[in-house]
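With chain A fixed as given, assemble chain B onto it according to the hints.
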Amino acid sequence: MSYKVLLLDIDAGNVFAIENILKKLNIDFIKSSHLHDLEDSNNIILPGVGDFEEFMSRLNTANLIDPLRNFHELYPEKFLLGICIGMQILGNKSEEGIGSGLGLIPGIVKKIEKQNNLKIPHMGWNSINKINNDLSILDGIDQKNGFYFLHSYYFDCNESDSCVANFHYGKEYPALIRKKNVFGVQGHPEKSHDNGIRFLHNFCNLRNA
Amino acid sequence: MLRSRFIPVLLLQGSGLIKTKQFKKYKYLGDIINVLKIFNEKKVDELCIFDLSIEPNKDPNFKLLENVARQANMPLCYGGGVTSLDNAKRLVSLGYEKVSISRASFSDDGFIEEVTSVLGAQSVVITLDVRKSIFGKYQIYTDRGKKRMNVDLFKHIEDLCNKGIGEICINNIDRDGMRNGYDLNLAKKINNLVNIPQTYVGGCGGEKDLIDLVNLVGPVGAGVGSKYVFKGEFDAVLINYFKA
Chain A
1 MSYKVLLLDI DAGNVFAIEN ILKKLNIDFI KSSHLHDLED SNNIILPGVG DFEEFMSRLN
61 TANLIDPLRN FHELYPEKFL LGICIGMQIL GNKSEEGIGS GLGLIPGIVK KIEKQNNLKI
121 PHMGWNSINK INNDLSILDG IDQKNGFYFL HSYYFDCNES DSCVANFHYG KEYPALIRKK
181 NVFGVQGHPE KSHDNGIRFL HNFCNLRNA
Chain B
1001 MLRSRFIPVL LLQGSGLIKT KQFKKYKYLG DIINVLKIFN EKKVDELCIF DLSIEPNKDP
1061 NFKLLENVAR QANMPLCYGG GVTSLDNAKR LVSLGYEKVS ISRASFSDDG FIEEVTSVLG
1121 AQSVVITLDV RKSIFGKYQI YTDRGKKRMN VDLFKHIEDL CNKGIGEICI NNIDRDGMRN
1181 GYDLNLAKKI NNLVNIPQTY VGGCGGEKDL IDLVNLVGPV GAGVGSKYVF KGEFDAVLIN
1241 YFKA
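Protein chains in written order, with this note's numbering: chain A, 1 to 209; chain B, 1001 to 1244.
Check the hints yourself; a few may be wrong.
Under the rule of at most 30 Å between Cα atoms (straight-line distance), these lysine-lysine pairs were calculated in the DSSO-like manner [unchecked claim]:
hint, chain 1, residue 1, chain 2, residue 2
1, B, Lys1231, B, Lys1042
2, B, Lys1025, B, Lys1231
3, B, Lys1163, A, Lys24
4, B, Lys1063, A, Lys171
5, B, Lys1063, A, Lys31
6, B, Lys1189, B, Lys1227
7, B, Lys1163, A, Lys114
Because the hints were derived from the structure by calculation, they are not lab data. Values in this document were obtained by computation on a predicted structure and should not be read as measured data.
If we strip away everything but chain A, and leave its shape as in the complex, we get (with noise of 0.2 Å):
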């Protein structure tokens, strides 16, 4: 099979700025919501901001959900990322709708703890601290930097093995998440400049063994 980077496009947002990412890296991709691209790709980034059940209703629309529900069991040897909302998604539910999600990480999407003078939305630059120290998708990412954040809700793993990486805002909360070849980022990768560069060639340069 082709080595190829499907960039799943269901109108949420935040497509072009992936598009000049792979196109700088070079990476052969194709834009679409096709599902017979998903099974011609080896490695599906799913981006999305707004809202989980909107984006569970897009996903519906382009009969992606089954396909993508059944991950693990249909596509072995592929990797899937789910950025912000297509990294909640990959959860059970969410406190944000009433819908379920794909259920490939189990975890449960909840609204951030009001604490003391944090405000919320998380919104800015974070820094991440790896837990998983074996994880090539984080190779040359500089920690400190981190990435750029912006949502309301969380990703609470039910699996603690299942958090690669962390970000603090008044406590730990997951800024990476993988079960298999699936993985979630709560940042957005697209709008974090140099990090968010390496760290989408590594993700594209992702193979089984």
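Just chain B now, with coordinates in the frame of chain A:
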């Protein structure tokens, strides 16, 4: 740790950028795409674009904004003509992480509640242009500083927070282009009032003003106009960027 955001604030007139002083046109800066490309290279924290040429009830210049979004590497916020849910949604799908609403924040038809629930609070910024009256009272203006709203600033901000907005941006008319420092008293008052992120625009005269604002209410958004686009005593146009 979450860091403060240092934000170039760009003012559109047609497809060109201008800089104002106390809301009156001061200088033409150049084509927005050229300026954007330089800010890309500077790796700015965020970029805020306000279109001053959108007449009431007219749509944003989507064609231009799409072109901007296609070439922007930084997080974007746009304001100007965001008066309907459709416009707001379209901006987000073009790649504007945040939309800024001003005049429509005064409507009582449920628009703010609707837009925050559909886009999520994180994408909804309310920008208020304020000016201090000769009696020391803060007043909100719309329509580029022409129309004074008969609403208490702090009450209006509280109401908007109750409607679920994600950020409040205060644009100080008297300090616009003056480089005489942020209005720290106002920033402190608002910071004590709300639990959402804030951005202050108007008055930045250099790094020290950023430090003062950050020390007082940080992490915070610090909008900068003149100091990011001018250099020298004659205000030659030279795009530059600094943080605190």
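Okay, the hints, checked on the actual structure:
no., hint, in the structure
1, B:Lys1231 / B:Lys1042, "holds, 16 Å"
2, B:Lys1025 / B:Lys1231, "holds, 18 Å"
3, B:Lys1163 / A:Lys24, "violated, 41 Å"
4, B:Lys1063 / A:Lys171, "violated, 42 Å"
5, B:Lys1063 / A:Lys31, "holds, 21 Å"
6, B:Lys1189 / B:Lys1227, "holds, 25 Å"
7, B:Lys1163 / A:Lys114, "holds, 17 Å"
Of the numbered hints stated above, those contradicted by the structure are hints 3, 4, listed in ascending order.
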